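Colleague: If you read the protein sequences in the order shown, they are chains A, B, C and D. So in this note's numbering, spot 226 of the first sequence is number 226, and the numbers just go up one at a time. For any residue, its number in this note's numbering is found by taking its place in the second sequence, counting from 1, and adding 1000. For any residue, its number in this note's numbering is found by taking its place in the third sequence, counting from 1, and adding 2000. For any residue, its number in this note's numbering is found by taking its place in the fourth sequence, counting from 1, and adding 3000.
Treat the hints with caution; some may be incorrect.
[Said to hold, decoys possible] Computed footprint of chain D on chain C; a stretch qualifies when at least three of its residues, placed anywhere within it, have a C-beta under 8 Å from a C-beta of chain D:
id	segment
1	2205-2216
2	2326-2339
3	2368-2374
4	2479-2491
[Unchecked claim] Below are the DSS-like pairs computed for lysine-lysine, each with C-alpha atoms no more than 30 Å apart in a straight line:
id	chain 1	residue 1	chain 2	residue 2
5	C	K2530	C	K2193
6	C	K2202	B	K1329
7	D	K3559	C	K2592
Hints are computed from structural coordinates only; laboratory data are not their basis. As the structure is a prediction and not an experimental result, all values here were calculated from the model. All C-beta atoms in this analysis are idealised placements derived from N, C-alpha and C, irrespective of residue type, glycine included.
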Amino acid sequence: MTQIELPKYSAKDFATDQEVRWCPGCGDYAILAAVRKVLPDLNHRKENYVFVSGIGCSSRFPYYMGTYGVHGIHGRAPAIATGIKSANPNLDVWLVTGDGDGLSIGGNHLIHMLRRNVNIKVLLFNNRIYGLTKGQYSPTSLTGHRTKSTPLGSIDHPIHPISFALGVEATFVARCTDVNKGGLNVLPDVLKAAADHRGSAFVEIYQDCNVFNHQAFFYATEKDTARETTVLLEHGKPLIFGANRDKGIRFNSTRLEVVSLENVKEDDLLFHDETDPALAFLLSRMHHTQGLPEPVGVFYRVNKPCYEDMLTEQIEKSIAQRGEGDLEKLLNSGSTWTVSE
Amino acid sequence: MTQIELPKYSAKDFATDQEVRWCPGCGDYAILAAVRKVLPDLNHRKENYVFVSGIGCSSRFPYYMGTYGVHGIHGRAPAIATGIKSANPNLDVWLVTGDGDGLSIGGNHLIHMLRRNVNIKVLLFNNRIYGLTKGQYSPTSLTGHRTKSTPLGSIDHPIHPISFALGVEATFVARCTDVNKGGLNVLPDVLKAAADHRGSAFVEIYQDCNVFNHQAFFYATEKDTARETTVLLEHGKPLIFGANRDKGIRFNSTRLEVVSLENVKEDDLLFHDETDPALAFLLSRMHHTQGLPEPVGVFYRVNKPCYEDMLTEQIEKSIAQRGEGDLEKLLNSGSTWTVSE
Amino acid sequence: MNTPVSAVDRKHTTETLEGAVIRFCGDSGDGMQLTGGEFTTTSAVFGNDVATFPDFPAEIRAPAGTLPGVSGFQVNFASTDISTPGDKVDVLVAMNPAGLKTNLADLKAGGILIVNEDAFNNNNLKKAGYARNPLDDGSLKDYKLYKIPISRLCEESLAETGMGAKAIGRAKNMYTLGVVYWLFDRSLEPTIKHLTDLFTKKKNQPEVADLNIRALKAGYYMGETAEMFQSRYIVPKAKLAPGKYRQISGNEATALGLIAGARLAKKTLTYAGYPITPASDILHFLSAYKNYHVKTLQMEDEIAAVCAAIGASYTGDIAVTGSSGPGIALKGEGIGLAVMTELPIVIVNVQRGGPSTGLPTKTEQADLLQAVYGRNSECPCIVIAARSPGDCFDAAVEAIRLATKYMTPVMLLTDGYIANGAEPWLLPKMSQLKPIEIQHPTAFNAHSDEAEGEGNNVYWPYLRNENLARPWAIPGTPKLEHRVGGLEKAQNTGNVSYDPMNHQRMVDLRQAKVEKVVQDIPPTEIQGEKSGDVLLIGWGGTYGSIHAATERLLNRGHKVGTVHLRYINPLPPDLGEIIRRFKTVVVPELNKGQLIRIIRDRFLVDARGINKVQGKPFLISELVAQIEAMLPQPRVERAAR
Amino acid sequence: MNTPVSAVDRKHTTETLEGAVIRFCGDSGDGMQLTGGEFTTTSAVFGNDVATFPDFPAEIRAPAGTLPGVSGFQVNFASTDISTPGDKVDVLVAMNPAGLKTNLADLKAGGILIVNEDAFNNNNLKKAGYARNPLDDGSLKDYKLYKIPISRLCEESLAETGMGAKAIGRAKNMYTLGVVYWLFDRSLEPTIKHLTDLFTKKKNQPEVADLNIRALKAGYYMGETAEMFQSRYIVPKAKLAPGKYRQISGNEATALGLIAGARLAKKTLTYAGYPITPASDILHFLSAYKNYHVKTLQMEDEIAAVCAAIGASYTGDIAVTGSSGPGIALKGEGIGLAVMTELPIVIVNVQRGGPSTGLPTKTEQADLLQAVYGRNSECPCIVIAARSPGDCFDAAVEAIRLATKYMTPVMLLTDGYIANGAEPWLLPKMSQLKPIEIQHPTAFNAHSDEAEGEGNNVYWPYLRNENLARPWAIPGTPKLEHRVGGLEKAQNTGNVSYDPMNHQRMVDLRQAKVEKVVQDIPPTEIQGEKSGDVLLIGWGGTYGSIHAATERLLNRGHKVGTVHLRYINPLPPDLGEIIRRFKTVVVPELNKGQLIRIIRDRFLVDARGINKVQGKPFLISELVAQIEAMLPQPRVERAAR
Ligand SMILES: Cc1ncc(C[n+]2csc(CCOP(=O)(O)OP(=O)(O)O)c2C)c(N)n1
Ligand SMILES: Cc1ncc(C[n+]2csc(CCOP(=O)(O)OP(=O)(O)O)c2C)c(N)n1
Ligand code: SF4
Ligand code: SF4
Ligand SMILES: [Mg+2]
Ligand SMILES: [Mg+2]
């Protein structure tokens, strides 16, 4: 395709005339604003964007983006998106889902999209609750969580979205928060990194459901705690955190521990390696409740051929080998015979 | 329950009068024989066993077990089994599935059963192919695999069942092979360990589909290669392998390498720790094609409360607190009023 | 407590009414559902017959003050028998401009319109799309308009509590309720008791209880003192069947019915679900009843839910799954497995607006053909429907009874309207409900040819009893080990069978089993004439509207009879005979014509449909008008009565 | 090459036949499908009309020699027009006792029975459940029995090749085919060519080709020299419509039709599937046609497949998904989304025996009501059906045409019988097929009130054309960015709408759109009488049997007319008028009565069904017998002809 000059877009170009209908104070607003703001910087044509979603509060996202979009059915967005991307690999396909949509009913589709490495950007809004259906527990709800459907507390063990994605061969896995009042503004950088990745990119976003699970992630987003309970992952750099950047993470045999930088040198800290799946998995098990900060940023990033590229390649190779398909010939193939008048 | 004396069972007690209908040479026969042989040793009552499956060659398994059984629908065995186990926690529920049944259509149900830690034993017969539907590629088929539906080779990246299970919070994860001509007879031991585990137990079994994917795992099962391409995991023991047990696995920073025991002391080898999820994950990435032996045995085993226990506990607690539910009272709850004659 | 007594005061004239329809509307945040619910309970406890229609906005919250954010609650209360929340509204209470805009059309000419004047500010007017303030421009001159500065009055009367502005602002619904209570001469007691229970006892927030009770009383006193209303209204007690009553919504009644059904069968209940509007509340209700040995499994999706129910059923529990709309579509394959394995499960379908995600919070009756035909191959299910909130209880018990008697799935159809709507419910006595007999075999039931000896020596899971049901041996029973599954089964032995004649036989048997249910169907009741011009055939949640419309038509002298079906598959055995007694058959449905497809097919009668697909119940008036248009000759002479 | 010439020799008498039905049967491992296929091709190439019926064992392999392991292939070849593989068999070739046991009942009295004598050893006899050897006990005296020691003869004749025993053993099917070729005076050429193509060219195994060709010839010479058969049979060429033919199975024709449809629309085809018997072959065929720009996606399940098709459709591809049985049940929710988003997709349903997993390898026609009604809410789909293997091509093209013209899903029904069966197919000429016009808008199509200026300034995705279809703008088109989804959409703008009247309008529109298809339905063709005693209404894969039965009934002088439907939803507009011209309407179906439900409902005619659910097609004779029993008076006088 010849590159036609790209218009200069602003966040406003990515808005629609539809009223945004989330509850006041919902974390979704911040994510929407961030996405609208990041897209103009990505140098893609607006008409090539397709936002795809399932069902849930989060899944209303496409209605608020002035791009092409499909508000699908519950859990099936990855399959719809795969169809879109296969049909036209030039499109920039983004997928917005929730912890229920993406990990409960839709978990399997997500798995297979990720392992196929279809070049789609997945934003999973994790609010640890079913928002749209008014407050039942979700696969990421903590054990014991009392919700409409678990008045005595949930008895399920929650899924860890990052571990999940790593376990099913995702090639890009990241985490950030809807807002960050601690000063780390990871969301836009992660969105850009996801956009730049050629392949499936999985981004978990801690999101506040203001109505049914308020403050679930305040430890990770509020000014006084965010820097203590989260640590930013940067490839090749040591894991340092704390409001004063005075703490670090270190290996202790195969497990991790927090150390004070007063006692330990930076060089002895754990250095992040985005290409190491087992390290990424280890990092995905860190919980602030165990005294370990929860990593934000890119856990894992590797290059693998992506699905639609291989699909196109097979078609092109097949044409190169067998020639552009001639239907008349195809019909006439096999053993034919002629009955004359 | 009072413990009634257990009959002495033999493998024959677990057979049925139905003809076993797998292709001659199918790996499923060996697994069936092993299961029938192990069950008598487990000291459970025959009438308490329920074998549940989905659809596939492997999923015909329940028909060949003289126990209770449900041959379900494609992919849904974990949900059926969860219903069974919740309804009667005293039953011993085993689930037999294939790489297609369990990881393609049924991946999501498996995830949620595993993370809920329902006390069910899962045997996943991985033959890297759809057997019953006569030879299409499956989620574990290797990239490039030519099958009926991929005449030019598969373009999907395969899923690793062990990584998958670890990523979704399974509490017991193991691997073995249908047969083992290299002398390691892991299958019965793993079956017993799975049976002993209180919680979901996930067992991947490399299985030869004699017709549509013959010899896919011969490297791991045949006499001349098995000891070179597999390594037995034993908790607390170093990873040693080779026909002469002369090779070991060692950490090299965060990655693994093969070393010769001529040069390296056993103490410097990697020691297996069943309770370390990140280590288990690292082990799940080993491939013989990269010169690393593939682990068999138990990758991971931890104790967590299981679903049906917590379910029962909530019911009991609720009864203790609120008293045995009285329906007449319940009907009369809320604001009532009386209309007199 | 110093509450006003409900004696008629002297300052106002009083009018006695047969009944009235009142609708509260406002923003989702204005607490209209609670307000309406309280008014309903109070009226019911007082002794009126009541019927309600809560109308929520779509599941997701709209911005405050906008049209999509409007929440409404309508209640019809009367001294006579009523069966619907009413067509037109006598009193409309609008808490904001958006509420007024979306609801005014339903207010009767000359009706009472109470508005919160304070909410009609520029901002809100704009959000509601009003160019000018309707309170001032004369556009409301056809109504009895009461402009009350509710926000300000409420605030003033609560200022002394020292509570925050937000909390006080929230109490204005109770202030409004107080006004309306005064207007209709209702007691404040039930609401005060409820507020105390809710805030003081349950949530341990006595200050909130106090605030709301103060607001309620302040509103009441305002009515009493402000000389704003010319008249008060009295709606006397209704003559209801004697007994103990409570308000109940359809979803709660379904939940209770399922518990009762399991109890009657002396078994535990497993309910496997996945949240979806408007079925979720069944899951919520049941999950609170753990001490009734109820197991609720919130599964990962609807397919898992139906499959978990199948697993629980195989294991011997009373197994139920429920959903709505797309969730039911997803269960088709699973229901097929239950049909083939001949395991009893109940599938509750709380129908909602569709197709696809459709109008999730709105009602519809458009899943009937899916229930009867919507699975691959010949896959018959028993299908029954509930007609009203309270009837969901009976229908749920019946579903369990039929499923276990015939060893086959039963689909129970309810809908968003009766699921969320509530009505006074005459409490059943458990002791008077018929027990559900279930026997799990514990011994061999057949003699295999191969084996020697006399007496039974095998268990045949597909042997049949007089109802064509197979035996239900459950895991844990020694010697009866057997396997079930989705492949065709040989009659008797239950082994997998590819035999053509066996397949024919089993397909026939599964069908015959469902048809056997006719033996359980009581003679069909006909409301009105037993023969004549028009037979109305209804089903499900339209009962109230059709019933009321029939009354009205009968009053006008039309020869109309009405049948309302509980049993849809199979149909009642006497239906054909009834149909033949009428000149015209009319089938009103909230769909494009579904039951009518089956009626026409089955009875070859040129039935006509009255159909509406607007996410809303029928109005009595529209039914009457359409039916009258179909009647051979308008009975003018009697219509004048 | 030194192949026998097909001249009639002197040693044997020759009989000329109008046609013959031959069935090859044996163990799954005996290569019966290949054998039957070769005989068919040879006969077709020779100029006979042919029809086939492959009958596989259940998907899973049974142990060698057992009854469930038997594989059969029946071919009917004739010098006249035939439309079914035949009811009864003239020649049965049984390679083992199990084959004999399961197939003998279908052999005509006096028919030819060729058996591989060597296979009738104790072991095999026991596996087949024979207490004594039927070849010796006189039980086969009603047939012309030819006991040939095929294994030994074949082995001897191939000994000199030096190939292994296993390879030689496998070639015995070709030996047998040679015998049969001799018996029916067929040329060996087509098979020799095929063996060479397959083994020498494709698989590079010339030694295997050689082995099989030798076996084939050896069999042929045995027939010639052994003086075993008294007579040879000649089945002359048939008079077929002139043109170029090939053998085609329904699944292959469907695949080709889908490619052709996409070509005619000048678009690329995306086929998203998930393996399932008997639909998998469509996926297999299509996945080999990458150079036709065909994209095949084997998704993780059927739900993903229909959703991927929806995604591809939104993006502008011709999007198709296909499945069978339970796989179709799973697609219901997704189809609903396609209906709501008004996106064109084709769903191919290769029907199989059910319910649930049922009889996966057997045929049935029991998914019709699911196709028409099987989704939540009012969710109409266009439904069409293919009648024969070759017809699948046309039906697939038509499905794509209708889907894109009306912007809505089309369900294409085929079944296991026509999907696996093959028939001679007169090749269509691409140039003579009507192009499918599709326009993707590239500019605004409406004027929004809010915006200033003249001319169009917005894109309305739910504006409608004369067919009520909405425009199909695709991603990548500047300025036409828009969103679709499963919530109810406002007419024109396509915004989410909860408006009651809009909902009614959209429900009506989606229905009206499907009903518009009547304008595409050509006048209904009637086979036989245009009015009279019995109108047969058929649909789908029963065409051959019903057609042949009709011929036979007409020959016997009955006043019978037959209509075979391609269009099921909507029905042809002239069907009602045709129905009224006949005294009785009979609907034969391989189900418990499904089309008949719709016919009765729609036309209020007391249609009667002929129904069979045995996993097998109708026999002509059973149809004739049942229809004759319904005829007012047997026409004895002409039946004697
Ligand atoms: C098939 C189906 N099942 C269930 C639902 C009901 N439903 C809608 S959204 C939702 C869960 C939403 O949770 P999540 O994905 O976490 O999104 P959130 O609202 O929290 O952003 C459910 C259960 C549905 N629409 N469709
Ligand atoms: C809903 C549904 N989809 C598809 C199928 C067809 N099907 C049966 S088994 C199977 C795959 C079997 O593969 P696997 O689970 O690996 O088992 P194997 O036969 O290899 O042991 C498929 C696709 C089905 N029966 N049901
Ligand atoms: S319910 Fe929760 S997630 Fe949904 S819009 Fe409201 S605050 Fe946001
Ligand atoms: S097809 Fe493969 S997996 Fe299935 S029975 Fe045969 S050998 Fe075993
Ligand atoms: Mg959520
Ligand atoms: Mg497999």
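Colleague: Look at each hint and say if it fits the structure.
Modeller: Hint-by-hint comparison with the structure:
Requiring three or more residues with a Cβ within less than 8 Å of a Cβ of chain D, the coverage given for the segment 2205-2216 of chain C is violated, as only 0 such residues are present. Counting residues of the segment 2326-2339 of chain C whose CB lies closer than 8 Å to any CB of chain D gives 9, so the stated coverage by that chain holds, three being the minimum. Counting residues of the segment 2368-2374 of chain C whose CB lies closer than 8 Å to any CB of chain D gives 5, so the stated coverage by that chain holds, three being the minimum. With 4 residues having a beta carbon nearer than 8 Å to a beta carbon of chain D, the segment 2479-2491 of chain C meets the requirement of three or more and the stated coverage holds.
A threshold of 30 Å between alpha carbons decides the hint, and for C:K2530 with C:K2193 the separation of about 47 Å lies outside it, so the pair is violated. Distance check on the hinted pair: C:K2202 and B:K1329 sit about 19 Å apart at the alpha-carbon level, within 30 Å; holds. Taken as a hint, the D:K3559 and C:K2592 pair is broken in the structure, with Cα atoms around 38 Å apart against an allowance of 30 Å.
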